[in-house]
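Enquirer: These protein sequence lines are chains A and B, in that order.
So the first sequence is residues 446 to 672, counted in the working numbering.
So the second sequence is residues 6 to 238, counted in the working numbering.
If you are wondering where the hints come from, they were derived from the structure by calculation, not from laboratory data.
Ideal placement from N, C-alpha and C gives every residue a C-beta, glycine not left out.
Hints should not be assumed to be uniformly reliable.
Here are some of the chain B residues that sit facing chain A, going by a computed Cβ distance under 7 Å [stated by the list, open to error]:
id : residue
1  : Leu61
2  : Ile62
3  : Ala63
4  : Arg84
5  : Gly85
6  : Glu93
7  : His95
8  : Leu96
9  : Tyr97
10 : Glu99
11 : Gln111
12 : Leu112
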Amino acid sequence: MFLKTALLVLKKDVAIEVKSYEIISTTLFFAVSCVLIFSFAFVKEGEAVNAELVPAGVLWIAVAFAGLLAIGRIFERERYGETMRALLLAPAPRSAIYVGKLLGVVLLLLLTELLLVPMIAFVFHAPLFAWPLPFAGLLVTGTIGFAAIGTMFASMLIRSRAREVMLPILLYPFTIPVLIGGVWGTASLLGEEPSVPVATMWMAILSAYDVVAITLSLWVFEPLMIE
Amino acid sequence: MSAPFDRVELTDVSRHYGRRRAVKNISLSAGRGEIVGLLGPNGAGKSTLIGMLSTLIAPSGGTIRYGGRTADEGGPALRGQIGLLAHELHLYSELSARQNLEFFAQLHGLDAAAVVPAALHAAGLDDRADDAVSGFSRGMRQRVALERALLHGPQLLLLDEPFTGLDDRAVTAVTDRLRRLADRGAIVILATHDLDLADGLVTRVAIVCDGKLVSDEPASTGLRGRYRALVGR
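Model the full assembly from the supplied sequences, consistent with the hints where possible.
Expert: Below you can see the structure in the form of structure tokens.
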């Protein structure tokens with residue numbers, strides 16, 4: 446019942462998004478805008494001013510900014526009509542609702558990254574595809590960690606009047622480890638001497654963060670959602 | 006699925022929001038076949054009581070038992086026996102009436118193909134089933150929301166102002182439906198401040214004012230006069 450409920454929530458979120466493409470289009474537009482704005486500052490004579498850190502930093506900042514926008518909008522839909530309350534009445538563990546929402550956020554962010562990565566590779570002349578497996582591992586583990594914390598805070602703030610202000614205030618400090626791991630892990634694959642072991646180490650750290658973030662969220666979700 | 010409970014009992018239940026006490030030491034019970042009208046003016050605490058009965062709001066004090074079990078003890082199986090129609094309708098406005106009902110049917114582990122067509126028919130929306138709910142009038146949305154709350158045949162049906170936006174024909178259909186549900190053994194608790202609609206429908210009247218239960222008695226004629234005497238407005 447747990448997995449079935451989580452997948453139903455994911456399927457429902459996808460069905461709503463397919464009706465309007467509102468969240469995916471705004472998230473992609475925002476992510477692309479971030480990359481372009483940073484390119485004005487950090488690209489000189491066709492090259493990034495720092496070939497390792499600039500593309501990695503821009504990638505993860507764009508993910509963090511666009512992710513915040515996406516998470517906020519996904520939960521705004523549950524706030525309108527107070528549908529979250531109907532989900533919480535389902536005869537399934539309430540944490541399954543969290544997992545369903547988390548899967549939706551992760552899917553949306555991964556789709557955004559599908560556009561971001563080639564764009565950053567092109568704009569900053571970054572060899573992001575030189576080490577596809579470690580790079581994909583960093584992206585997936587970092588995205589899950591960011592989405593896990595974001596989904597938990599967005600759920601918690603769904604009834605708060607100040608949710609639009611509070612979400613970034615809570616989300617960014619708690620996801621600093623994700624951004625550090627993502628940036629340094631990605632940068633380790635972009636230098637003149639790429640280091641897969643260093644990227645793997647950061648991936649392991651991100652995986653550990655994911656386990657802690659998801660476990661904590663599953664534990665606190667129901668108490669946080671009951672008024 | 007656990008066995009259906011035959012009684013819901015609130016014992017000394019309170020709910021505080023900071024220093025504000027929305028519900029103060031209310032004790033109340035309702036059994037199978039009863040339609041309890043939770044009456045009171047705006048802000049009396051009716052919606053908070055409905056929220057606590059639905060397990061979505063935790064009492065600050067006291068206990069709520071569903072056939073002897075608390076919400077924590079009953080867990081997901083207990084929630085599967087509760088139907089809630091709140092003031093906010095719990096519908097996805099982007100989805101059609103059919104998609105909404107299919108989603109909630111599946112969420113309750115039901116075969117959507119078996120139950121949704123009948124629910125759409127009961128809501129009188131056969132010809133608008135595939136239209137987005139956002140294009141519906143309040144009354145149409147209210148009918149879809151009522152079917153959503155009834156899809157899984159709940160043992161405890163909680164309704165907060167269920168007649169909002171309904172025309173006379175729909176009101177009659179809903180009241181007939183509630184009577185049939187009670188006859189089949191469901192416990193129906195409806196919060197309203199519409200005394201005319203409550204009169205003749207409810208079998209028991211619980212009047213709430215300023216968070217306190219001021220009256221709990223079998224329904225009788227002269228509800229309006231009794232209400233005015235107790236609430237004073």
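Enquirer: Min Cβ distance, histidine 95/B to chain A: is it shorter than 7 Å?
Expert: Holds - the Cβ of histidine 95/B comes within 7 Å of chain A, reaching about 4 Å at its closest.
Enquirer: The hint names leucine 112/B as touching chain A; please verify it with the least Cβ-Cβ distance against 7 Å.
Expert: holds (5 Å)
Enquirer: Holds or violated: is there a CB of chain A closer than 7 Å to the CB of isoleucine 62/B?
Expert: At 4 Å from the nearest chain A Cβ, isoleucine 62/B passes the 7 Å test, so the hint holds.
Enquirer: Please check whether tyrosine 97/B passes as an interface residue: C-beta within 7 Å of a C-beta belonging to chain A.
Expert: Interface hint status for tyrosine 97/B: holds (6 Å vs cutoff 7 Å).
Enquirer: Glutamate 93/B was flagged as interface toward chain A. Is the shortest Cβ-Cβ separation under 7 Å?
Expert: The hint holds - glutamate 93/B has a Cβ within 7 Å of chain A, the shortest such distance being about 4 Å.
Enquirer: Grab the minimum C-beta distance from leucine 96/B to chain A and call the hint holds if it beats 7 Å, violated otherwise.
Expert: holds (6 Å)
Enquirer: Min Cβ distance, glutamate 99/B to chain A: is it shorter than 7 Å?
Expert: holds (5 Å)
Enquirer: Classify the hint on glutamine 111/B as holds or violated, based on whether any CB of chain A lies nearer than 7 Å to its CB.
Expert: holds (5 Å)
Enquirer: Hint alanine 63/B vs chain A: min CB-CB distance below 7 Å?
Expert: Alanine 63/B check passes; min Cβ-Cβ to chain A is 5 Å, inside 7 Å.
Enquirer: The hint names arginine 84/B as touching chain A; please verify it with the least Cβ-Cβ distance against 7 Å.
Expert: holds (5 Å)
Enquirer: Using 7 Å as the Cβ threshold, decide whether leucine 61/B counts as touching chain A.
Expert: Holds - the Cβ of leucine 61/B comes within 7 Å of chain A, reaching about 5 Å at its closest.
Enquirer: Hold the hint about glycine 85/B up to the distance rule: shortest CB distance to chain A must be less than 7 Å.
Expert: holds (3 Å)
Of the numbered hints listed earlier, not one is contradicted by the structure.
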